[in-house]
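S.K.: Here are the chains, one letter per residue:
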Amino acid sequence: MIRFENVGLRYGAGAECLSDLSFHLEQGSFTALTGPSGAGKTSLLKLIYLAERASRGLVTLMDRDVATLSRQELPALRRNIGIVFQDFRLLDHLSLFDNIALPLYLDGQQPKDYQDDVMEMLDWIGLKNRAHALPPVLSGGEQQRVAIARAVVTRPKLLVADEPTGNVDAKMGHDIFSLFEAMNKIGTTVVIATHDEHLAHTFGEQIIALDNGQMRLEKTSPDNQPAAEAQQAGQSTKDGPEPFSLPLDLHDDAHEDGHSS
Amino acid sequence: MTQKTHTPTLFFMHDQATALPLVMAVMGFLATLALIGGLALNTMARDWARGLQGTLTVEITAEALDAYKAEHGSALTPAVVTLLEAHPAIGAATPLTDEAMAALLAPWFPDAATVTALPLPQLIDVKLSHPDKMDVAALNTQLAALHPEIRADDYQALIAKQVRLARSLSWLAVGLIGLVGFATAMIISFATRTSFAAHRPTVDLVHLLGTDDKKVIGMFGRHFLIHTLSGGTFGMGIAALVAVLLARNTALGVDSLWAGLGTIGLCLVVGTPLIMAMLAHFMARREVRHQLAAMV
Ligand SMILES: Nc1ncnc2c1ncn2[C@@H]1O[C@H](COP(=O)(O)OP(=O)(O)OP(=O)(O)O)[C@@H](O)[C@H]1O
Ligand SMILES: [Mg+2]
Chain A
1 MIRFENVGLR
11 YGAGAECLSD
21 LSFHLEQGSF
31 TALTGPSGAG
41 KTSLLKLIYL
51 AERASRGLVT
61 LMDRDVATLS
71 RQELPALRRN
81 IGIVFQDFRL
91 LDHLSLFDNI
101 ALPLYLDGQQ
111 PKDYQDDVME
121 MLDWIGLKNR
131 AHALPPVLSG
141 GEQQRVAIAR
151 AVVTRPKLLV
161 ADEPTGNVDA
171 KMGHDIFSLF
181 EAMNKIGTTV
191 VIATHDEHLA
201 HTFGEQIIAL
211 DNGQMRLEKT
221 SPDNQPAAEA
231 QQAGQSTKDG
241 PEPFSLPLDL
251 HDDAHEDGHS
261 S
Chain B
262 MTQKTHTPTL
272 FFMHDQATAL
282 PLVMAVMGFL
292 ATLALIGGLA
302 LNTMARDWAR
312 GLQGTLTVEI
322 TAEALDAYKA
332 EHGSALTPAV
342 VTLLEAHPAI
352 GAATPLTDEA
362 MAALLAPWFP
372 DAATVTALPL
382 PQLIDVKLSH
392 PDKMDVAALN
402 TQLAALHPEI
412 RADDYQALIA
422 KQVRLARSLS
432 WLAVGLIGLV
442 GFATAMIISF
452 ATRTSFAAHR
462 PTVDLVHLLG
472 TDDKKVIGMF
482 GRHFLIHTLS
492 GGTFGMGIAA
502 LVAVLLARNT
512 ALGVDSLWAG
522 LGTIGLCLVV
532 GTPLIMAMLA
542 HFMARREVRH
552 QLAAMV
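So the protein sequences, as listed, match chains A and B.
According to our numbering, the first sequence is numbered sequentially starting from 1.
According to our numbering, the second sequence is numbered sequentially starting from 262.
Same shape as in the complex, but just chain A (with noise of 0.2 angstroms):
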C-alpha cells in the first residue's frame, strides 16, 4: 500500500527534517506514528497524504511510483484517501453536514444521495441535532469529530490522521480508535499519528517511531492488544462491512459534559 524507500524531506533550502525512511505498510495494516512534536510526523503523513512531494527517495503509493504520476493523476489517487488534519480544516462557512458531505460533493456525488450517508455520520458523533450549525461554535473536540466524519465519510481505502485524539478525552480518544480499528478490520489501511503511547500500542499492530527525522519501526505483540478491544471489533465486523453502525458511543451523555456548548 505504502512504500518509502530511502525518503527524504526538506522544506525549501533548510535542512532535511525527514532523512533516510525506509518502510512498508501492507494493505490492511494498521499503523501507528510516534514521536515528540516536531520529530516530523506531519511531515510523513503529508508524503503520505501526496501534500508535499519527497526530496529524493521513492514514495510508492497504491502499487503508484508518486513522483511519475502526472498532475492529471493525482485527483483519483488522493480521492481514496481519507485525511483528518492536525488543524481540522473544516470550512467555516459550511455548515457541519456541507463538512462532512464536501469529499462526496466534490466527487460528483448528489445531496440526495449523500444525505443520509452524512446524517448517519451526524448522528454517530453525536451532532445530529447540530446539522446547520457552523464548525466555529463548536468546542475543539467537536470539531475533530467532524473532522474525523468528513474523512471517513467516503470509506477510503486508506485513512490518514494526524493527532485525531489531541483534543478528546481519553473515553472518546479510545472510542475514535476503535472505529479507526473497525474500519480497519474491513479493509482500510490506517496510518494514525499520535502523542499517546498508550493508544498506539493498543491499537497499533506496528509503530513507527520517529525522532529528529530518523525513524524506528516496531512491531506490537498482540498481547498488548486487550481483550475488550478485540472482542468489540470482532463484533462490529460480524455484523458486515459497514463502518457507520458501529456500537460506537461518542455522544453517550457522560462525553456530552464536556464537549457540547
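The hints are simulated quantities; they were obtained by calculation from the structure and are not laboratory data.
Source: prediction; values computed, not measured.
A virtual CB, placed ideally from N, CA and C, is assigned to each residue, including glycine.
Just so you know, not all the hints are guaranteed correct.
Negatives, chain A to chain B, calculated, CB over 12 angstroms [to be verified]:
1. A15
2. G57
3. L217
Between beta-carbon pairs, the in silico distance windows are [said to hold, decoys possible]:
4. B:G436 x A:V137: 40 to 46 angstroms
5. A:R216 x B:M539: 55 to 61 angstroms
6. B:R454 x A:H24: 52 to 58 angstroms
7. A:D92 x B:T524: 21 to 27 angstroms
8. A:R216 x B:R454: 40 to 46 angstroms
9. B:V435 x A:D92: 35 to 41 angstroms
10. B:G442 x A:N129: 51 to 57 angstroms
11. A:N6 x B:R547: 37 to 43 angstroms
Model the placement of chain B with the ligands on the given structure of chain A, informed by the hints.
M.R.: Here is chain B with the ligands on its own, set in the frame of chain A:
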C-alpha cells in the same frame, strides 16, 4: 430534521459582491462609448471623403483678367485652363460662361445685361480625377506663378483635414478600446489572484480531497465571467443611452447615429459585454491555472 438538498457554496460567498461588477460596468461604459464614437466618426469620415470626389473652383479676379490681357495680349483664362488640365489630379477644367454666371446671379440681378457689365471674377469649374492626389496649396503656388490673383478655393483642403481628423479620432477610439481591454484583463488578473489568496484554505482543502484542477479553474472562471457580464452589460446600456441622448441633442441626430453604426457596429456594441466576459473568463482561468500549478 429538515431535508437538505442544496449543494454547498464553496467559494465567493461575500467577496467582491458589488465591487467587481461595478468596475466592469465602468469598463463596459468606456469601451461602448469609445466603440460608438469611433464607428460614428469613421462613417462621418467616409461620407466626407465621398464629398471630396466633387469639384474644385478656381477664381480669377476681374483685375487679374484685365492686367494679364494688357501685359500679354492674350486672355488669362485659357492659360489657366491649360495649366489645370495638365495637373495629374484634374480630369477637366471648365470656365463658367457669362450665361452661367448670369443664371447664378439671377436672384440678385435679374437683368442679364447688368451682370455682364459688372467686373465679375472668372470662375473655373474643376473636376478632379484623383481627389486624393490633390494638393490645393501646391496648385495655388503654380497658379500664382501665372498671376498672383488666381486662387483655387481650399474648401476641399478643409474637408480633407476634417476627414483626417475624424479618421485619427476613430483610430484613437480603437486605441482606447484596446486600453480598456488591457485594463480589464489586468483588473481581472489581479482580482483573481486576490480572490484565490482569500480562498486559499478552501482551495488547499479541496485540492487535497482530490478535486481536479479543472473543477477549481472552472469555478473561478465562471465567477468572473458572470460578474463581468453583468457589470459590462449594465455599463454598455448606460453608454448606449448616453450616445442616444447626445445624438438627439446635437446636430447628429439619432437616425444618423444608427446609420453611422450600421448592423455590424450595432452587433459589436451589443457584443461588447460578451467579449469582455470572455476576456475575463480567459484571464481568470489563466491566473488560477498558474496558481494551482505551484501546488503539489
Ligand atoms: N511548511 C514547513 N516549512 C518549513 N518547515 C516546516 C514546515 N512544516 C514543518 N516544518 C518543520 O519540520 C519539522 C517537523 O515538523 P512536523 O510538523 O512534521 O512535526 P510533528 O512531528 O508533526 O510535530 P507535532 O507533534 O508538534 O505536530 C519541524 O522542525 C518543523 O519546523
Ligand atoms: Mg504534527
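S.K.: Starting from the range 52 to 58 angstroms, see whether the pair B:R454 and A:H24 falls in it by beta-carbon distance.
M.R.: Between B:R454 and A:H24, where Cβ atoms are some 42 angstroms apart, the hint is violated.
S.K.: Over 12 angstroms to the closest beta carbon of chain B is the bar; see if A:G57 clears it.
M.R.: holds, 16 angstroms
S.K.: Against the range 40 to 46 angstroms, how does the distance between the Cβ atoms of A:R216 and B:R454 compare: consistent or not?
M.R.: holds, 45 angstroms
S.K.: Taking the closest pair, is the beta carbon of A:A15 still more than 12 angstroms from chain B?
M.R.: holds, 20 angstroms
S.K.: Does the hinted range 21 to 27 angstroms hold for A:D92 and B:T524 at CB?
M.R.: violated, 52 angstroms
S.K.: Starting from the hint 35 to 41 angstroms, judge whether the C-beta atoms of B:V435 and A:D92 obey it.
M.R.: violated, 48 angstroms
S.K.: Is it true that the C-beta distance of B:G442 to A:N129 lies inside 51 to 57 angstroms, as the hint says?
M.R.: Holds, since B:G442 and A:N129 (Cβ atoms, about 54 angstroms apart) stay within the stated range.
S.K.: Taking the CB of B:G436 and the CB of A:V137, does the distance hold inside 40 to 46 angstroms?
M.R.: violated, 55 angstroms
S.K.: Take a quick look at A:L217 and tell me if its Cβ sits farther than 12 angstroms from every Cβ on chain B, holds or violated.
M.R.: Given a closest Cβ separation of 26 angstroms, the condition holds.
S.K.: For the hint 37 to 43 angstroms, verify it against the beta carbon of A:N6 and that of B:R547.
M.R.: With a Cβ separation near 39 angstroms, A:N6 and B:R547 satisfy 37 to 43 angstroms, so the hint holds.
S.K.: Okay, A:R216 versus B:M539 on CB: inside 55 to 61 angstroms?
M.R.: holds, 59 angstroms
In the structure shown, a violation is registered for the earlier hints numbered 4, 6, 7, 9, in ascending order.
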